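Student: Take a look at the letters that make up each chain.
Number of protein chains: 2
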Amino acid sequence: MAVYTEVSDAELEAFLAEYDIGEPDSFKGVAEGVENSNYFLTTTKGQFFLTLYEKRVDPKDLPFFLGLMDHLAARDISCPRPIHGRDGQALRSLAGKPAAITTFLHGLWPRRVLARHCGPVGEALAALHLAGRDFKMNRSNALSVRGWRPLLDASGRHLDPPLREELQAELETLEKSWPADLPVGVIHADLFNDNVLFLNEKLSGLIDFYFACNDAFAYDVAICLNAWCFEPDSSFNATKARALLQAYEKVRPLQPTERAVLPLLARGAAFRFLLTRLYDWVHTPSGALVKRKDPQEYLAKLRFHRGIASMADYGL
Amino acid sequence: MAVYTEVSDAELEAFLAEYDIGEPDSFKGVAEGVENSNYFLTTTKGQFFLTLYEKRVDPKDLPFFLGLMDHLAARDISCPRPIHGRDGQALRSLAGKPAAITTFLHGLWPRRVLARHCGPVGEALAALHLAGRDFKMNRSNALSVRGWRPLLDASGRHLDPPLREELQAELETLEKSWPADLPVGVIHADLFNDNVLFLNEKLSGLIDFYFACNDAFAYDVAICLNAWCFEPDSSFNATKARALLQAYEKVRPLQPTERAVLPLLARGAAFRFLLTRLYDWVHTPSGALVKRKDPQEYLAKLRFHRGIASMADYGL
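Here the protein sequences line up with chains A and B, keeping their order.
Numbered as in my numbering, the first sequence ends at 316 without a single skipped number.
Numbered as in my numbering, the second sequence ends at 316 without a single skipped number.
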């Protein structure tokens, strides 16, 4: 939640002159999004979203992210559509940072997830997986199983020894048994409730594609199970999981191989978010105003999935 | 630059049900404003600004601030106009905080102040002073001369002794010679460049009335001299000052008593912002992400004004 880069009047004017979107009539930094600087831009022609990509985004990944949003939007996935300049380019530079303008999506993300949100999320996730199948670019998932050991190493020494041992054992299990032969394609990889907009009780858009990558579709489902189907006290809500999975399967049925490993993938997904939260937790000064997300939540989820033997145990 | 208070879906829904402004279709935290939580709200009926008042704003001052904006807007000052609910109230409670909705003003605040901005600012300031004359409520200026000694006491021990002595001597001079018989009324008291919006090179609005109070009009002019008429290297720009003062005087001519003390008021205004910046500087952890404004800038301005004998020395 921050604006890291200030944009001067002259820079903004020169930047917008490359587009055909009218004259700016307001330009406000948005507090959401911890990775980039985001501005809400209104012009004489409409509302837009302007993003300056900060250091956590690798500039060489930006053509993938922007190309993917173009690709999905052209296939009726409601997601931010990059605005192309007069030269055809969607990606340019502003205040020394890579920057892009997208359409502004209407809707509110649900601050509190209810069961009625989970079906639409499952359906939209499956539609995203299908729509991405013919996308030509590739981006490997740096935060999949091969990326976890360095992350654990970077945080492990700050942990109590019993927890460190638990996580090391978990990592060994995951590395040993992680499936390699699942259906793969473009996944969102971060479809949390603050990345899904609802309007009049209907899903109105998916946002924040800056973790999107090529990986197993079922892993994306596992991420959503973690993100949408637990209560604030970390107890699992089978009603939500059922709604999410059934709606997903109406659009893209899971294959038997995917169903068989879903508990393992859910462990892996919980482990992945536990690791990045742990990393941020131990590397963010406690006085800083950036909101640190509590790693404990994902430790509880990880332990829950570890007790699950098959998809049926999720209450399905 | 922050959103301190998260608003739940149910809270927002119940809150908006008190108004006749349509259904929400987006709700985004705004990164500007360090004092309160600000949200950009669009509904089926338009764009609005929703503010939750945080701890630095005294709830008992809110009727003054909201009443003033109502009063000024009714007199054609372009400022946020509080939206009144069906019960007639503009101030209510959201997520446990006092909260209000206002109209959303279009325009961009100039990131870099140019001479062409200064005339419109002087003119708008004078119009504000005139429009506020028949406003019935009162709020004394807690950050005027009587409030400075406690602020200096709270930061003084962190300062190098020569600087501390300089500021103590300054305070004694200001306390001894501060004028008591100037024309007074409602002043904005914080009309910095991020509180003035421009659209198509014309001033389109004044925002952030949360320091407004009753004090000498000329003191407000002195605050603007400090805020608008120095270059980034802290050198005084007489062209900007001339533009600001001449435009002010076209709407509300300064009286001889006001002109005589303007250099002293400008010293006081520089001292006031130096003190609050010093206070924030020494009381904000250096690791925090809140942007601390450099007190040095206002020390340079204070020293400049100390060398000024009369208004003519400003280059007028």
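In case anyone wonders, no lab produced these hints; they're calculated from the structure.
There could be a bad hint or two in this list.
Identical copies look the same in the list; a pair holds intra-copy or inter-copy alike.
[As the list claims (entries may be wrong)] Under the rule of at most 20 Å between Cα atoms (straight-line distance), these lysine to any residue pairs were calculated in the SDA-like manner:
1) Lys293 / Leu163
2) Lys202 / Thr43
3) Lys176 / Ser204
4) Lys202 / Asp9
5) Lys202 / Glu23
6) Lys45 / Asp25
7) Lys45 / Phe198
8) Lys293 / Glu6
9) Lys136 / Ala90
10) Lys202 / Glu13
11) Lys60 / Asn214
12) Lys55 / Trp281
13) Lys97 / Glu175
14) Lys97 / Pro120
15) Lys250 / Leu316
16) Lys293 / Gly46
17) Lys202 / Asp25
18) Lys293 / Ala238
19) Lys176 / Pro63
20) Lys202 / Thr44
21) Lys97 / Glu11
Remember, predicted model here, so these are calculated numbers, not experimental data.
Student: Now tell me if each hint is right for this structure.
Tutor: We went through each hint and held it up to the structure:
1. Taking CA atoms no more than 20 Å apart as the test, Lys293 paired with Leu163 passes inside one copy only; the shortest distance there is 18 Å, against 42 Å between copies.
2. In the homo-oligomer, the alpha carbons of Lys202 and Thr43 lie at most 20 Å apart only across protomers (16 Å), although the nearest pairing inside one protomer, at 27 Å, exceeds that limit.
3. Taking the shortest alpha-carbon separations for Lys176 and Ser204, neither the intra-copy value of 40 Å nor the inter-copy value of 63 Å comes in at or below 20 Å.
4. For the identical chains of this complex, Lys202 and Asp9 are inter-copy neighbours only, at 14 Å across copies versus 38 Å inside a copy, given an alpha-carbon limit of 20 Å.
5. For the homomeric pair Lys202 and Glu23, the shortest alpha-carbon distance between copies (14 Å) is at most 20 Å, but the shortest distance inside one copy (32 Å) is not.
6. Taking the closest pair of Cα atoms, Lys45 and Asp25 come within 20 Å of each other both inside a single copy (10 Å) and across two copies (18 Å).
7. Proximity of Lys45 to Phe198 under the C-alpha cut-off of 20 Å is restricted to the inter-copy arrangement: shortest distance 18 Å between copies versus 24 Å within a copy.
8. In this assembly of identical chains, the alpha carbons of Lys293 and Glu6 lie at most 20 Å apart only when taken from different copies (14 Å versus 26 Å within one copy).
9. For a Cα distance limit of 20 Å, the shortest separation of Lys136 from Ala90 inside one copy, 17 Å, qualifies, whereas the shortest one across copies, 53 Å, does not.
10. Taking the closest pair of Cα atoms, Lys202 and Glu13 come within 20 Å of each other only across two copies (16 Å); inside a single copy the shortest separation is 37 Å, beyond that limit.
11. In this assembly of identical chains, Lys60 and Asn214 lie within 20 Å of each other by CA distance solely inside one copy; the values are 15 Å within and 55 Å between copies.
12. Only within a single protomer do Lys55 and Trp281 lie at most 20 Å apart by alpha-carbon distance; the minimum there is 18 Å, versus 27 Å between protomers.
13. In this homomeric assembly, Lys97 and Glu175 never come within 20 Å of each other (Cα to Cα): the closest approach is 37 Å inside a single copy and 48 Å across copies.
14. For the homomeric pair Lys97 and Pro120, neither the shortest alpha-carbon distance inside one copy (35 Å) nor that between copies (33 Å) is at most 20 Å.
15. Taking identical chains as interchangeable, the C-alpha atoms of Lys250 and Leu316 lie at most 20 Å apart only when both belong to the same chain, with a minimum of 15 Å there against 76 Å between chains.
16. Taking the closest pair of Cα atoms, Lys293 and Gly46 never come within 20 Å of each other, the shortest separation being 34 Å inside a single copy and 34 Å across copies.
17. Taking the shortest Cα distances, Lys202 and Asp25 sit within 20 Å of each other only across copies (12 Å), while inside one copy they are farther apart (30 Å).
18. In this assembly of identical chains, the alpha carbons of Lys293 and Ala238 never lie at most 20 Å apart, being 24 Å within a copy and 50 Å across copies at closest.
19. Taking the shortest alpha-carbon separations for Lys176 and Pro63, neither the intra-copy value of 33 Å nor the inter-copy value of 65 Å comes in at or below 20 Å.
20. Taking identical chains as interchangeable, the C-alpha atoms of Lys202 and Thr44 lie at most 20 Å apart only when they sit on different chains, with a minimum of 16 Å there against 29 Å within one chain.
21. For the homomeric pair Lys97 and Glu11, the shortest alpha-carbon distance inside one copy (11 Å) is at most 20 Å, but the shortest distance between copies (37 Å) is not.
Checked against the numbered hints listed earlier, the structure breaks hints 3, 13, 14, 16, 18 and 19; every other hint is satisfied.
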